[in-house]
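*Asks:* Letter by letter, the chains look like this.
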Amino acid sequence: MIETLRMYLAYPFVRYAVIVGVLTALCASLLGVSLVLKRFSFIGDGLSHVAFGAMAIAAVLHVANSMLIVLPVTVLCAILLLRPGQNAKIRGDAAIAILSVGSLGIGYLLMNIFSTSSNLSGDVCSSLFGSTSILTLSSAEVALCIAVSVIVIGCFIFFYHKIFAVTFDESFAQATGTDAEKFNLLIAVIVAVIIVLAMNLVGSLLISALIIFPALSAMRLFSSFLSVTVCSAVLSVVCTLTGMLGSILWETPVGSTIVAVDIAAFLICCLISRVRRA
Amino acid sequence: MALITCHDVTLGYEGTVLVEDLNFEIGSGDYLCILGENGSGKSTLIRTLLHLQDPVKGTVTEGDGLRKNEIGYLPQQTLVQKDFPASVEEIVLSGCLGRSGFRPFYTKEEKALAGKNMERLGILDLKKRCYRELSGGQQQRVLLARSLCATQKILLLDEPVSGLDPKAALEMYDLIAQLNRESGITVIMVTHDMVSIRYATHILHIGDGWFFGTKDEYLSSPAGSSFAGLYETEQKEGE
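Chains as they are written, first to last, in my numbering: chain A, 3 to 280; chain B, 148 to 386.
If you're looking for bench data, these hints aren't it; they were derived computationally from the structure.
The C-beta atom is built at its ideal place from N, Cα and C for all residues, glycine as well.
Treat each hint with caution, since some may be false.
For lysine-lysine, the following DSS-like pairs were computed, each having C-alpha atoms within a straight-line distance of at most 30 Å [what the hints assert, rightly or not]:
no., chain 1, residue 1, chain 2, residue 2
1, B, K362, A, K40
2, B, K204, A, K40
3, A, K184, B, K255
4, B, K258, A, K184
5, B, K229, B, K263
6, B, K204, B, K274
Not the full set, but computed from the structure, chain A residues with beta-carbon under 10 Å of chain B [said to hold, decoys possible]:
no., residue
7, Y110
8, S173
9, M221
10, F227
11, L228
12, V230
Starting from the given sequences, assemble the full structure and let the hints guide the process.
*Replies:* Right, here's the structure in full:
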């Protein structure tokens with residue numbers, strides 16, 4: 003078994019995949035705690051569908067680098083969703099549902115009408131469930147991913163206390179001089195960037211898993227914000243590594259294997275907290 | 148000079164006027180209760196005093212060296228907070244954030260201030276405990292300690308006893324009165340509950356116009372006596 007792993011890890015593309023995978027999982031899990039607590043668990047799902055729709059538009063317009071369209075559109079939608087909506091007409095879960103279902107539908111419609119590929123359902127399936135694209139990353143893409151992750155993690159550490167305050171109590175933070183709106187905006191932008199990054203890894207449909215499972219598992223075990231955040235990051239990295247290596251050994255799809263490991267970890271954490279309380 | 152002065156303030160939203168030409172001052176050491184029915188504009192007034200929202204007309208000004216973000220605010224609890232995984236210490240410390248600017252960590256002085264305020268409210272032994280495991284009364288003390296980290300001058304409390312049992316509610320009122328008397332902290336409290344005005348020095352009643360004055364003036368005014376009458380009936384029924 004170790005021989006097989008060593009053989010695979012000798013290939014640079016496998017090493018690239020592992021690096022990108024671990025970094026995206028780490029970034030997603032850091033913000034996951036805040037998103038789950040703000041009752042935005044489904045934002046990963048919603049935004050990833052938006053990214054899918056934007057990708058379809060990019061494909062139809064024959065834009066060479068689809069990121070130029072996908073990233074701005076996703077960031078914009080994230081800002082719209084996370085904006086503190088005292089007076090918004092449609093808010094919370096309904097707004098996410100509208101954006102998510104709408105862009106999924108329109109995206110598929112566009113791809114269908116203007117399709118240039120002969121294997122349409124294959125294309126759709128791979129962008130929803132994650133594809134082999136994580137195994138075809140170029141060194142430039144890996145460098146971009148590392149740079150973005152460093153920025154995201156840096157921002158998170160630098161603004162950690164503010165992110166905590168804004169998550170726990172937005173009106174208090176605003177009233178005592180922390181610009182809550184600015185930090186909501188920051189969180190929205192970071193989330194959008196992570197989602198666009200993670201699409202390469204697990205595909206749109208499974209991004210939610212990267213965001214919510216580590217956070218929920220950590221909340222079963224720990225009771226302070228700091229320990230929950232650290233535990234969520236560690237769990238996420240461990241699960242992603244296990245999932246990726248597992249998918250190599252058992253020749254299963256990368257994204258779904260990672261999610262399966264995340265679910266297993268969540269169940270174990272639930273069990274531990276049950277036993278502890280008894 | 149007054150800490151906060153409201154001059155000709157009109158409150159409302161989207162074309163609906165709630166209160167017109169409101170004039171009042173809050174001096175240092177005052178204990179002001181804001182009374183009024185649901186929907187009368189109490190929450191809008193609070194948001195305006197905190198500068199979270201602009202009045203339709205008029206001005207709210209701070210005096211006596213009070214800075215805009217120096218009002219310690221105790222908001223009503225939200226759904227999010229009920230099961231929030233955070234330790235008491237983390238929450239109390241977050242009251243110091245307003246003055247930290249871009250600094251990404253807490254200083255020794257801020258940690259000492261948080262410790263002092265936890266001790267003052269008798270929750271120092273809970274400091275490592277998880278917020279979601281505390282009783283309602285303890286949770287309110289934690290949030291009160293957090294507001295005290297943000298200010299030493301003035302507290303604005305939005306229905307601080309909602310959801311508490313009667314005993315915890317009385318303890319909360321005593322605690323607030325003690326902060327007012329012994330530390331000279333000015334208190335503005337929104338309330339529904341007649342018991343709470345026992346400690347008040349001034350009353351602001353909104354709804355069908357408005358009334359502002361000392362507690363004695365209020366109790367002898369028509370609005371006040373009808374409100375107080377309600378309270379007395381309640382008391383008698385309780386006996």
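*Asks:* Of the numbered hints stated earlier in the document, which are not met by this structure?
*Replies:* 1, 2, 6, 7
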